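Using the sequences and the accompanying hints, generate a full structural model.
Here the protein sequences line up with chains F and X, keeping their order.
Following this note's numbering, the numbering of the first sequence begins with 1 at its first residue and continues without gaps.
Following this note's numbering, the numbering of the second sequence begins with 1001 at its first residue and continues without gaps.
If you are wondering where the hints come from, they were derived from the structure by calculation, not from laboratory data.
Please note: incorrect hints may appear among the correct ones.
Claimed, not checked - Between beta-carbon pairs, the in silico distance windows are:
| # | chain 1 | residue 1 | chain 2 | residue 2 | range |
| --- | --- | --- | --- | --- | --- |
| 1 | X | V1363 | F | D176 | 48 to 58 Å |
| 2 | F | K70 | X | F1305 | 42 to 52 Å |
| 3 | F | D225 | X | E1295 | 44 to 54 Å |
| 4 | X | F1305 | F | Q16 | 49 to 59 Å |
| 5 | X | V1363 | F | K70 | 36 to 46 Å |
| 6 | X | L1313 | F | Q16 | 54 to 64 Å |
| 7 | X | W1374 | F | D176 | 56 to 66 Å |
| 8 | F | P212 | X | V1363 | 34 to 44 Å |
As the list claims (entries may be wrong) - To spell it out: a stretch of chain X is covered by chain F in this simulated footprint if at least three of its residues, at any positions, have a beta carbon under 8 Å from a beta carbon of chain F; those stretches are:
| # | stretch |
| --- | --- |
| 9 | 1301-1313 |
| 10 | 1364-1378 |
Said to hold, decoys possible - Listed below are several chain X residues computed to face chain F (Cβ distance under 10 Å; list not exhaustive):
| # | residue |
| --- | --- |
| 11 | M1266 |
| 12 | L1269 |
| 13 | R1273 |
| 14 | E1274 |
| 15 | G1276 |
| 16 | I1277 |
| 17 | M1279 |
Model, not experiment: these values are computed from the prediction.
The C-beta atom is built at its ideal place from N, Cα and C for all residues, glycine as well.
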Amino acid sequence: MSMAVKCVELCKTYRQGDAEIKALDHLSLEIENGGFVCLSSPSGGGKTTLLNTIGGLDKPDSGEVWIAGKRIDQSSKSELAELRLRQIGFVFQAYNLIPVLSAQENVEFVMQLQGVGDAERGEKSQEVLKEVGLVGLENRRPAEMSGGQQQRVAVARAVVSRPALVLADEPTANLDSKAADSLMDLFTELNERHGTTFIIATHDQRVMAHVPRLVKMLDGRIVDDIQQQAN
Amino acid sequence: MVFSNVLLVFMMSLQFGMYGLMIENSLKALTGHMQVQAHNYVDEQKMRQVVPNIVPLADTLREELGSKQVAARARAFVLASSDDRSYGIAVLGVEPGFEPEVSNIPGLVAKGRFLAADNGAEIVIGAVLARNLKVEIGDELTLLGSGLDGSFAAAIVTVVGIFDSGIAELDRSIAEIPLQHFQDTFFMDGAGHEIVVNAADINSAPALEAQVEVLLPDNEGLVVRDWNRLQPGLKQAIQADMSSSFFMYTVLVVLVAFSVLNTQLMSVLERTREFGIVMSLGMKPGRLGRLVLLETCLMGLLGAFLGAALGALLTAWFSTKGLIFPGMEELAQQFNLPPRMFPKITWLSLLAGPLVVLTFSLVAALYPAARMHWLQPVAAMRSAG
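Encoded structure:
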């Protein structure tokens, strides 16, 4: 099976005053197309750095990152932006919705960048908002929605243009258990229905129990890579 | 930006209006838009550097140009004596019928009347000279000077008018007598020193100058000099004023550019997180930079449009009502300006300021736009802004 993501000997070090923090320490990882993987570690374990590096938001100090067979760790900012626009969907812990846009406009934003026409944008955004259960809330701005609803908008935005890879950083951190379960069901459904590869960084036990593959990290290294029976 | 554009449009219109008044008022007194003279008259100002047969030549010019704004003059320096005092003055021989067409002195006669007879032994003098000589209307003055041939020239003339131009130098040192009487007194043999020609307005003067040049007789050494060459000081004064104003405008434009830079930079910094988000979603740094520039461009265009429109309205209002500068009377008098200024809107005064501000604003926005290329999405999204 071809690889959606391949990381080879990734290293990334941050400086905090005099101290050096190894966020990624010779980390190698392969994730096949259509994979559903959870990265787990205690806080500061390197999962967000790994996610940002895979998504081209951050550059490793050394090592290689391959997305869909293309090496990206030496790509320019514009090439990385293009990659994120066409192939990767992001779901952030803090939702990162654009506050002045409505739910539907937030969802349509990526398609607008892609140059998708008005009619198609409207149709697709309505469809995906229905999929995530936000019918009737299309015109609400982020400040007028609950955390769970905002996270659903963020998910809708991430998946609306059917990217091959979705990267989600602590997607359930601000959600209650019901909303978290609902979100994970949604991810599973999208994974199964569209074959989208999901990489989720979390330390939420409910999420970990939900995925077929669990990659445990500690101090920037992979300490365990478990294939499990998802709930 | 709008305020600075309004200020620039108004100030430049006021300045241009002032220059227009300075030029017209200065030229209206005596100089005119151009003069026909002997070729070295301006440099040497000798009595013998004459325009021969000046009256027929002036008649020809009037006829050929189809304009009444042509008048012949002769000029001499004399000692003017009343019963009590004597002063050295410049006496001009003028054509009483045509002088009012080229000069505002006849219209400035405050007491008595302007010259009437072509060959009358009469004189019009300035108010300060009248005061200095202690003469009034009806009093006699003796003029003593040299004739064209170097002989002694003398005349007794009656004061028929006293003009008050408000320009002390003019009111103190100028007197006018009929040209024919001047020619008789100073043995001019039909000659004079200058033919003043006025155009409909200052802008059409160069075209008229070319026409006059063609009409001049050959082999008499005559030239046409425009007001620039007749009164170089006036143009220099305007240029000096423009230079200092240019400095002021430059400071204003630079201040606006820095305020735009500050505003745009703050607005970019405040939206760092949003920029990080849109970059993480796939917007390229170049596109984001262009958006920041476009934003400044729209802001600048709106500022330029509103500034020009409001500036034009303000200028239009003051161009009918006039503007008084308290305490500026003396300066105004020095440049032969009325105490009330009337701004004059032109395309240059309307567009130059706003376009320069717009250009500088766009230049100032380059740095905030360039910052988009250095922005790291992850760091930007962490920003509290």
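| request: Mind checking the hinted window 36 to 46 Å against the Cβ distance between V1363(X) and K70(F)? | output: With Cβ atoms ~39 Å apart, the hint holds.
| query | Between V1363(X) and D176(F), does the beta-carbon spacing fit 48 to 58 Å? | reply | Given a distance of about 52 Å, which is inside 48 to 58 Å, the answer is holds.
| message | Hint validation: I1277(X) versus chain F, beta carbon distance must be below 10 Å. Holds or violated? | response | holds, 5 Å
| query | Any CB of chain F closer than 10 Å to the CB of M1266(X)? | reply | It is violated, given that the least Cβ distance between M1266(X) and chain F is near 18 Å, above 10 Å.
| message | Quick check on E1274(X) please, does its C-beta sit within 10 Å of some C-beta on chain F? | response | holds, 6 Å
| task | May I ask you to test the interface hint for M1279(X) with respect to chain F, counting a Cβ-Cβ separation under 10 Å as satisfied? | result | Check passed: Cβ of M1279(X) comes within 6 Å of chain F, closer than 10 Å.
| task | For the hint on R1273(X), just tell me whether its beta-carbon gets within less than 10 Å of chain F. | result | Holds - the Cβ of R1273(X) comes within 10 Å of chain F, reaching about 8 Å at its closest.
| task | Using 10 Å as the Cβ threshold, decide whether L1269(X) counts as touching chain F. | result | violated, 17 Å
| Beta-carbon spacing of W1374(X) to D176(F) - inside the hinted bounds 56 to 66 Å or not | violated, 40 Å
| message | Taking 49 to 59 Å as the stated bounds, is the beta-carbon spacing between F1305(X) and Q16(F) within them? | response | About 51 Å separates the Cβ atoms of F1305(X) and Q16(F), which means 49 to 59 Å holds.
| field | Supplied distance hint 42 to 52 Å, evaluated on CB atoms of K70(F) and F1305(X) | value | Given a distance of about 48 Å, which is inside 42 to 52 Å, the answer is holds.
| said: Holds or violated: the 34 to 44 Å window for the beta-carbon distance between P212(F) and V1363(X)? | reply: violated, 57 Å
When each numbered hint is compared with the structure, violations occur for hints 7, 8, 9, 11, 12.
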